[in-house]
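Based on these hints, arrange chain G on the given structure of chain B.
Number of protein chains: 2
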Amino acid sequence: MTLDAVLARIDETLPEALDRLIDLLRIPSISTDAAYAADCARAADWLVKDLQSLGFDARAAPTPGHPMVVGHGGTGKRHILFYGHYDVQPVDPLELWDHPPFDPEVQDTPKGRVIRARGASDDKGQLMTFLEACRAWKHVHGQLPGKLTIFLEGEEESSSPSLIPFLHENREELTASLALICDTGLYEDRVPAISTQLRGLAKSEFTIHAASRDLHSGAYGGLARNPLHVMAQLLADLHDAEGRVMVPGFYDDVDELPDTLRQQWQGLAFNHTTYLGDVGLSIPAGEVDRTPLEVLWSRPTAEVNGMWGGYTGAGFKTVLPAEAHAKVSFRLVSRQDPAKVLNAFRAWAEARIPADCRIVWHDGIAGSPASVMTISDPAFDAARAALTEEWGRPAVFVGEGGSIPIAGYFKTVLGMDAMLVGFAKDDDQIHSPNEKYDLSSFHHGIRSWARILARIA
Amino acid sequence: MTLDAVLARIDETLPEALDRLIDLLRIPSISTDAAYAADCARAADWLVKDLQSLGFDARAAPTPGHPMVVGHGGTGKRHILFYGHYDVQPVDPLELWDHPPFDPEVQDTPKGRVIRARGASDDKGQLMTFLEACRAWKHVHGQLPGKLTIFLEGEEESSSPSLIPFLHENREELTASLALICDTGLYEDRVPAISTQLRGLAKSEFTIHAASRDLHSGAYGGLARNPLHVMAQLLADLHDAEGRVMVPGFYDDVDELPDTLRQQWQGLAFNHTTYLGDVGLSIPAGEVDRTPLEVLWSRPTAEVNGMWGGYTGAGFKTVLPAEAHAKVSFRLVSRQDPAKVLNAFRAWAEARIPADCRIVWHDGIAGSPASVMTISDPAFDAARAALTEEWGRPAVFVGEGGSIPIAGYFKTVLGMDAMLVGFAKDDDQIHSPNEKYDLSSFHHGIRSWARILARIA
Numbered sequence: 001m002t003l004d005a006v007l008a009r010i011d012e013t014l015p016e017a018l019d020r021l022i023d024l025l026r027i028p029s030i031s032t033d034a035a036y037a038a039d040c041a042r043a044a045d046w047l048v049k050d051l052q053s054l055g056f057d058a059r060a061a062p063t064p065g066h067p068m069v070v071g072h073g074g075t076g077k078r079h080i081l082f083y084g085h086y087d088v089q090p091v092d093p094l095e096l097w098d099h100p101p102f103d104p105e106v107q108d109t110p111k112g113r114v115i116r117a118r119g120a121s122d123d124k125g126q127l128m129t130f131l132e133a134c135r136a137w138k139h140v141h142g143q144l145p146g147k148l149t150i151f152l153e154g155e156e157e158s159s160s161p162s163l164i165p166f167l168h169e170n171r172e173e174l175t176a177s178l179a180l181i182c183d184t185g186l187y188e189d190r191v192p193a194i195s196t197q198l199r200g201l202a203k204s205e206f207t208i209h210a211a212s213r214d215l216h217s218g219a220y221g222g223l224a225r226n227p228l229h230v231m232a233q234l235l236a237d238l239h240d241a242e243g244r245v246m247v248p249g250f251y252d253d254v255d256e257l258p259d260t261l262r263q264q265w266q267g268l269a270f271n272h273t274t275y276l277g278d279v280g281l282s283i284p285a286g287e288v289d290r291t292p293l294e295v296l297w298s299r300p301t302a303e304v305n306g307m308w309g310g311y312t313g314a315g316f317k318t319v320l321p322a323e324a325h326a327k328v329s330f331r332l333v334s335r336q337d338p339a340k341v342l343n344a345f346r347a348w349a350e351a352r353i354p355a356d357c358r359i360v361w362h363d364g365i366a367g368s369p370a371s372v373m374t375i376s377d378p379a380f381d382a383a384r385a386a387l388t389e390e391w392g393r394p395a396v397f398v399g400e401g402g403s404i405p406i407a408g409y410f411k412t413v414l415g416m417d418a419m420l421v422g423f424a425k426d427d428d429q430i431h432s433p434n435e436k437y438d439l440s441s442f443h444h445g446i447r448s449w450a451r452i453l454a455r456i457a
Numbered sequence: 001m002t003l004d005a006v007l008a009r010i011d012e013t014l015p016e017a018l019d020r021l022i023d024l025l026r027i028p029s030i031s032t033d034a035a036y037a038a039d040c041a042r043a044a045d046w047l048v049k050d051l052q053s054l055g056f057d058a059r060a061a062p063t064p065g066h067p068m069v070v071g072h073g074g075t076g077k078r079h080i081l082f083y084g085h086y087d088v089q090p091v092d093p094l095e096l097w098d099h100p101p102f103d104p105e106v107q108d109t110p111k112g113r114v115i116r117a118r119g120a121s122d123d124k125g126q127l128m129t130f131l132e133a134c135r136a137w138k139h140v141h142g143q144l145p146g147k148l149t150i151f152l153e154g155e156e157e158s159s160s161p162s163l164i165p166f167l168h169e170n171r172e173e174l175t176a177s178l179a180l181i182c183d184t185g186l187y188e189d190r191v192p193a194i195s196t197q198l199r200g201l202a203k204s205e206f207t208i209h210a211a212s213r214d215l216h217s218g219a220y221g222g223l224a225r226n227p228l229h230v231m232a233q234l235l236a237d238l239h240d241a242e243g244r245v246m247v248p249g250f251y252d253d254v255d256e257l258p259d260t261l262r263q264q265w266q267g268l269a270f271n272h273t274t275y276l277g278d279v280g281l282s283i284p285a286g287e288v289d290r291t292p293l294e295v296l297w298s299r300p301t302a303e304v305n306g307m308w309g310g311y312t313g314a315g316f317k318t319v320l321p322a323e324a325h326a327k328v329s330f331r332l333v334s335r336q337d338p339a340k341v342l343n344a345f346r347a348w349a350e351a352r353i354p355a356d357c358r359i360v361w362h363d364g365i366a367g368s369p370a371s372v373m374t375i376s377d378p379a380f381d382a383a384r385a386a387l388t389e390e391w392g393r394p395a396v397f398v399g400e401g402g403s404i405p406i407a408g409y410f411k412t413v414l415g416m417d418a419m420l421v422g423f424a425k426d427d428d429q430i431h432s433p434n435e436k437y438d439l440s441s442f443h444h445g446i447r448s449w450a451r452i453l454a455r456i457a
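These protein sequence lines are chains B and G, in that order.
For the first sequence, the working numbering gives the first residue as 1, with consecutive numbering after it.
For the second sequence, the working numbering gives the first residue as 1, with consecutive numbering after it.
Just chain B, same shape as in the assembly (with noise of 0.2 Å):
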C-alpha cells in the first residue's frame, strides 16, 4: 500500500524533518517587535524555499506588515488550502528560559522526548507537520498529494493586520474547497480532535462618569455618588444567579447543541474537576443548567477582563473618584452578531446607571462572530477515521473556548470552510517561557497528515 510506503518514509527520514524543524526555529520571527523585521523575512523566504523544493509554485508576498508566504501545487479533484504562520511570540522575560529560546534544543523529559524553543509549538513545528508529510508523499509518489495551496502568515502573533486586505486582494488564488488548519491541539493531550466549533469575541471598554473631579470622601462620602459603586453594581448585574447573561436578547441568536455532538461530548467524559483543579479551582462557574463542556465550547460568556477606578497605589487614599473603567468581553456562538451584543449591552448599561452619571465608550462596535463548521462535509468523517487510526484512540470532534479569527475570515472573506486539526498539548507553554513541542507530537502529526490527505485529497 502506498500508504503504508509514506508512512515508513516518514519513520525513516524523521531525524531530517527535525533537524529542518531546528532550523527553522533557529530564526526568531517575532512579528511584534520591528527589530525582528529581517528575520521575519527570512522566515518567509527559508519556507518557499523549502515548498519549492517539494515544487509548489511559492513566493513570499509583500503586505504592508510581514510577507504572507503562498504556495501551489499538484493536481486533483479537490482543492484544500493548508493554513500555517511562521511568526512566534516574544521572548520576555528571557530570564525564565532555561536555554536560549532561539537556540532549539532536542530534550529527554519524564514525559517523552521534546523539541525545545520559541515556536516549536506554536506554530512552526505545528505547520512542519504539514510540510513533511507532503515531502514523504513526494518522495513515495513523484508528485504532491492533491492540488494544495499553502498559506502561511507572518503576523499571526501581532492580530494579523495585513490579512483580510491580503485575503480580499487575492481572494481567487486563495479560495479553495476546504481550508485546513494547523494551530490547535490534542483533546486531554492524547485524544486526536477536529475543532468544529470557535466562540467569536466582541470586546467592550468603558468609563463611567460621575463628579467632574475626584472628592474627599470626608466631605461628600454618602451623599455623593461613588462610580466604584454604580461600576461594582453594573457588573454585578451582568450575571444572574444561575450565572446567565442578563443583556436582554444575549440569547436570541445561540442555537441549542445538535443531538449528535450533544452525544459525542458526553463520549468526552470531561473531567472538570481535573480542568479546574489544575487551576487550584473547584466550582464551575457560569450558568449552573448547562454541562461544563457546553459552558466551555456552545454557551456564550460575559467577562470582565479588567476593571479599575479610585485609588489603587500603596497605603490608602479615602477618594471617592469621578471614574470607573472596565473593560468587557463577550465570548460568542452560534449565530450571535457581535454588534447586535455590543449594542445591547450598551443599552443596558445606560439604561442602568443614575441619571447624573454617564458611560463613555471607548472602542468601536466590532468583533468577530463564531465559526461552526460544515461538519456534513465528507473530509470531516474521513479526517476522523484517518486521526483514529493513527493515534490508536476514536479521534473527536470538539469546540474551542476561545477565537482563532483566521477560521472565521475565510469563512466570512472567502466563503471556505476550515478544519482545524493540531497536535499541540496543553503543557507546551505556548506564549510562555520554555515553550516546546513534543517529538511524538510531530511525529505523528506528519503521519496523521499523510493519512488525511490520502483520504481527502
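The set of hints was computed from the structure by calculation and includes no laboratory data.
Be a bit skeptical, because a hint or two may be false.
As the list makes no split between identical chains, a pair holds if one copy fits it or if it spans any two.
Derived pair list, reagent style DSS-like, types lysine-lysine, alpha-carbon separation capped at 25 Å [as the list claims (entries may be wrong)]:
1) K203 with K317
2) K138 with K425
3) K317 with K77
4) K411 with K147
5) K138 with K317
6) K317 with K340
7) K425 with K317
8) K425 with K77
9) K340 with K425
10) K49 with K147
11) K147 with K317
12) K111 with K49
13) K340 with K411
14) K147 with K77
15) K411 with K77
16) K203 with K340
Using the frame of chain B, we list chain G on its own:
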C-alpha cells in the same frame, strides 16, 4: 470696655500681623519631604520666638520627626490648650501655581483681598489668628487672656507619626480643660461655625484570590470563576437599594441625632442641590430616608476608594485574572468601634465569596472612632455667642464629614474635649496649587478669638 480696646488694637495693627504671617509663610515647612526638615525646624523656632515675645514659656520639643512647639503662659480659672500645625502640604504640581508658593503675595480678587501662599489657610494663617489675638490682648491688658498652652504640630500633613507618643509622654503638661483647634472653616463660606462632631474612619484593603494564575478567557471563560465578578458582586452587595450598609450590626452603635441638633441643622437650610451641583452631580446618594446633612455628618458610610484587577492597560487582553483588589473605607459616627466594624465587614465578606476563592486582608484592624464633643460645656455656647457678635450672623454647631484625628487623640489620650473653630473658605484651595486665605478670614478670625477668649478664659 477692654474687649473693644483689644479689637481696636487688632484693627490698627492688622498690617503688622499680616507681615508676621507672610514672614512665617516664607518658610517652606513641607513635612512629608525630608529635604525640608531644616525648614520645618526653622518654622518651629520662628514660632517659639514669637510665643516667647508674647510672654509664653515656649520651646521646640524634639521628636523622632519634626519638633512640636509647646508654650505655656498666662493665668486664669480655666486651662485652655490651643492646637494648630505649622507644617504644610507639598506644592507640586508647581507649574500650576500662578506665583511661587513660598513667596506670599497679597492679592485683590473679585471676592476680596487674599493672602496667597502654601499654608496661608492650612494652617499657618489660621494658627496665627490665635497668636495675634493673644498679642493684642497682651498689649491692652499687659497679660495673656488666661491660662493658655499653645501646642503646634509639625507633622499634621504627614500622618502625625510622633503625635500619639508625644501626647502620652507629655500627658500632664498638655492636658487642659478644653482644647481649641483652628483647622476648620466657615459654614457655606459665610456662617461662623463650631464643629461639634467629626466622623471617624476605618480602612480595609483586600484581595480576592481565585485561580492560581491568570487564565485565558477563551479556554476558561464561563467555567472558571472570575474574581472580578466576585469583587463586583461583593461591593455591589455592600449597600441595599435604599443606600443602607448591609454588614450585619453596622448600625448597632449609631445614635439618632439629638433633637436640638436636628432642629439646628434644619435651620442651616443646607442646599444639597448646590453642594452636589458644584461637583457636577444632582442626585443624592446614600440612605434615602435621611436628610443630606445627616448623611454627611451623622450617618456612617461604606465607600469603595479603589478597586482594580485584570488588564487595565491600553488595548485589550482577554484575561480571567487570578485576583481582584479593593480598598474600602468606613466613615464612623456615634459609638461605632472601628475594630468591631472591620471585623464584621471581614466576616460578612468571607461568608459571601465562593468556597474556592479566598480573601487576603492587607491591613490590620485599626481606625479612629467618631468624635462627638460635649457641647454642654458652657464654652460652646459662649463661643457661639462670641462668633455671632463678630460675624453678624448666628453662629452654628455643625458636623464634619471628615475626620480630624487630633480631636480624637485629645479625647482618647488626654481625656480632653475639643472645640473646633476655623475661618477657612471652601475655595481656599488647601492641598492644591494657589492656596489662599481671605484677609477677612484672617482679620475676623483674630477678632473672633479675642471675643471667645474674653468669654471663656
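Status of each hint after checking the structure:
1. K203 with K317: between (31 Å within a copy, 10 Å between copies)
2. K138 with K425: Answer is neither; intra-copy 29 Å and inter-copy 88 Å both fail.
3. K317 with K77: Result: close neither inside a copy nor across copies, 71 Å intra and 43 Å inter.
4. K411 with K147: So K411 and K147 pass the 25 Å test inside one copy only (20 Å; across, 90 Å).
5. K138 with K317: For K138 and K317, the Cα distance exceeds 25 Å both inside one copy (70 Å) and across copies (43 Å).
6. K317 with K340: Between copies, since 22 Å is at most 25 Å while 40 Å is not.
7. K425 with K317: between (46 Å within a copy, 23 Å between copies)
8. K425 with K77: neither (34 Å within a copy, 87 Å between copies)
9. K340 with K425: neither (35 Å within a copy, 51 Å between copies)
10. K49 with K147: For K49 and K147, only the intra-copy Cα distance (19 Å) is at most 25 Å; the inter-copy one is 99 Å.
11. K147 with K317: Neither: 67 Å inside a chain and 39 Å across chains, both beyond 25 Å.
12. K111 with K49: neither (34 Å within a copy, 81 Å between copies)
13. K340 with K411: This pair counts as within: shortest intra-copy Cα distance 20 Å, inter-copy 61 Å.
14. K147 with K77: Close inside one copy (7 Å), not across copies (110 Å); limit 25 Å.
15. K411 with K77: within (21 Å within a copy, 94 Å between copies)
16. K203 with K340: within (12 Å within a copy, 42 Å between copies)
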